[in-house]
Each structure stands twice: as structure tokens, then as C-alpha cells.
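Peer 1: Protein sequences, first through last, are from chains Y and B.
If you read the first sequence in the numbering used here, its first letter stands for residue 1262, the second for the next number, and so on.
If you read the second sequence in the numbering used here, its first letter stands for residue 127, the second for the next number, and so on.
Hints may be right or wrong, so weigh each one.
Just a few of them, taken from the derived set where beta-carbon distance is under 8 Å, the chain B residues facing chain Y [said to hold, decoys possible]:
no.	residue
1	E137
2	H140
3	Q143
4	E200
5	Q204
6	Q211
7	N214
8	G229
9	I230
10	S231
11	K248
12	I251
13	M252
Keep in mind that the hints were calculated from the coordinates and are not lab data.
Positions of the beta carbon are idealized from the N, C-alpha and C atoms, including for glycine.
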Amino acid sequence: MKAAPIFETSDHRWWIIYDQEERRVIDSNVYVMESRGEAIILDPGGFEIFPQVFSAVAEIVQPSRIKAAFVSHQDPDIASSLPLWNACNPKMQWYMPKLWEGFIRHYGALEAELHGIVDGGGELLLGGRRLEFLPAHYLHSSANFHVYDAEARVLFSGDVGAALLPAGHGAWVDRRGANDNSGEKAFSDHIANGAQYFHQRWMPSEKAKTDWIRRVRKLSINFLCPQHGAIYSGSHVTRFLDWFSALPVGSAIVEN
Amino acid sequence: MDPQRITQLIENTHEIQGRVRRSLREIDRRALNAMVLVKRHGNVLAGYGVIASAFREQAAKLQVAAETLQHGVEPLIQSSMRLLQIQNYSHSIQTMLRSIGEGISLGDLPETERRWEADIAKEQIMIGEIIADLLRNLERFQEGIAEQEYVVTNGRIEAALVESSGVPLSRVSREMGRAVAEVRKAIAEWKQQLEEFTHESSTDL
């Protein structure tokens, strides 16, 4: 897997780890935020891709600096690497939906320090920077959170914005023309090539979708970072919100 | 293999690689300064010009060698983490085998356990080979540093010979020497840590 910077100042950084080599399991992105020497890993990934993820993370940040992990929901591609991370760094603190704590413990490492996030959300101060845990319930999991860094204007959006892309994909939705009309085609191609089916099939609730879009539109976002696929930057963020807003979701029910 | 020991090795590697990178940058800067001085003073310092140019050439070679070292670390991390993965599977099966009472059919479980054990042994051999490779590359790097130190020594001699020119070449040579010594020290520490890691893990490897 490769690591690419998303946002960078002298003491505040975001990275994406992307394009995994193992293709028998769903391709996932992992994110790392570092502030003043303390780091958090977001949706640290599945058991099977752990060696690749750890190796790519170790390239950008010393493992002892990883103080915390954020788990958006209970799925194995998000959190089944927990016992391996815990074996390497037992001091890591794990933040996850409270509803899923007992389920996530099934992955192993009963002694790991888990912190349940209540349904209303929460926040974490790391290296002096505030990260907000925003509720994103039913998008797609029944207890689900996203992470917002207001200073970096990064929204880690879990499965929202996800796309199933082929091996060798880039970290970004094509940024050429992202801020003018010519970006429209790049965006449409991305949606058609892997995002549309994902959202129609995996997102179950119109009501949850509409509520999430209403709240997210109030935030200032430069980078919308999904756990699968590629990052939306600049005006692609608004393009995505507009597109998602118009998309009927829960397609399996409709089709049946 | 203790995962925290490998994590510690990675930590130390990070720190040492940072020092090597900084020192190599310093070496390059010193070499460039020396070449500028030589250019400014024309034929008087022609001898030192040869030294400065050799110094810079050697510094570029060290940069390449440092990148080779850097690339050698990634397979070590990946292989160690794969080992951790397999050990995790194997441990689960061992726990199951212990908890199942006698006389109960275990199906293919013992065979699966043997397979995991074989995979563990294979991965351990691979880690041993990766470390051996890294150590060989470190030795090659040390040879490069020795050559660089030889250039520095020649620079000092040349600087002494043209001292009357008033150009502060002795100071330049001293600074070059210090930067090279820092790289030598960092590489020796790294090598020692890898050797200790191999030694401590020898029961596993």
C-alpha cells in the first residue's frame, strides 16, 4: 500500500494509506492524523491487510506515536486488525460506537482499552487538536460515526463517498478541473465507475442520508475522505453532496 | 517473536534513518560550499577542488546506498507482521486443541495447526534472510563511509598545504569530517541493534 499526504502544516498532518496489494478482500483506505507528535489511525483495516498497512504507516509515523485508533463501525474491513495492532502497541486507545463494543471484542484482544462513543457523538483532543465524532448512524451501519477536523477541514466519512475501484487506483478523485466546470466529467466518471452502486446498495436509509447531508453541508470541508475509493477535494465535495442527495438508496428493497 | 520487540526495532530504525538523512544533507551542503570556495579562488585551490568534487561524488553514492537501506526495511516490517498474523491464527487453534476433551473428533484441526506451524517456520526463515541482507547492505554502506573518510583525510592534508592562501579550508574539512563521523556512528548503532535483535530472536529464528 502507498501513503500520500492530504493536509500538511509544520505540526499537523493527515495521510491516506491506499491501494492495497491483496485483492481477495475489499480494497480499503486507512487514514492517519498526526498533531504535535501524537497520531491517530482511522479505520485501521482488516486482519488480512495488516502487514501492508503497518508497513506503510511505519513509513510516515513512528508506531509509538500512535496513541489512538478510531473505528467508524463494526465491519471486519474496519477493525479486525485490532488484536494485531494491540499486540504491537498495547497502549493504544480505541474509540468506537458504544453499541458495537461487545461485538468488536469478538475480534480478539479482550484486554485492549476500548472507549465507546455514545449515539450523540463526542470528541477527542489529540496533540492539542480537536477531532469531532459526528453521528452517521445507518450510513451504513446502525451505529456509525465520522470524524471531522475543523482546522484541517478534513471529514473522514467512512463508507459515505466510497467507491469500488480497480487495483492501482489513485488517492484522489481526479483533481484536474476540480474547481471549475471541467471537473464535472471527472466526478461523473468516478461516480459511474464505482461509487453509484456502492451507495445505492450499502446505504439503507433515505432519512439518515438526508439528515447527514443537512448537517455536513454546514461544515467547511476541503477533503471528504472515504474508507474505500478516493478522496473528494475542492468543489468535488459539494458535487458529491448534491449527487448523494438526489440518489435513491436502499436499492435492494426497491428491486425486490 | 515478540511484536513489541520488532516495533521497538522499527522505532529505532526511524530515528537512525532520520539522523543519517540529516547528516547526508549536511555532507552535501559542505561539499557544495567547498566547491564554491575553490571556484572563487581559482588555480590556487585546484588541488582542493579535486578533493571537493570527490567528496560530493562519494556523498551522492552514500545517498543512493541509504535509499537501498531504506527499501530493505519495508520487507522486514511486512514479514514480521505476517508472522504475527500467522502466530495469532496458530495460537487460536492451540487454545482450541487444549480446550477440547479427549475422545472428541478434532477433524482436520491438528493438520491445520501443523500447517500454520510450517508457515511460521517459513516466515521466520524469511525474516532471518531479510536481516542478513540488511546487515550486508549496512556493511557495504560502512565501506562507503570509510572511502568518504579517506577523502576527508586527503582534504585535511590539502587544506594544510594551502593554508597560506587564507581560505578557511581546514575548518571546511573539519566540518566535513564531523558530518561523516555522525553517519558512521548512526550506521554502527543501527547495525548493532539489528545484530542484537537477531541474537535476541535467535530462539525464534
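Peer 1: With reference to the structure, classify each hint as holding or not holding.
Peer 2: Structure-based check of each hint:
no., hint, in the structure
1, E137, "5 Å, holds"
2, H140, "5 Å, holds"
3, Q143, "10 Å, violated"
4, E200, "5 Å, holds"
5, Q204, "5 Å, holds"
6, Q211, "6 Å, holds"
7, N214, "6 Å, holds"
8, G229, "29 Å, violated"
9, I230, "24 Å, violated"
10, S231, "26 Å, violated"
11, K248, "15 Å, violated"
12, I251, "17 Å, violated"
13, M252, "12 Å, violated"
The structure fails hints 3, 8, 9, 10, 11, 12, 13 (numbered hints given earlier, in ascending order).
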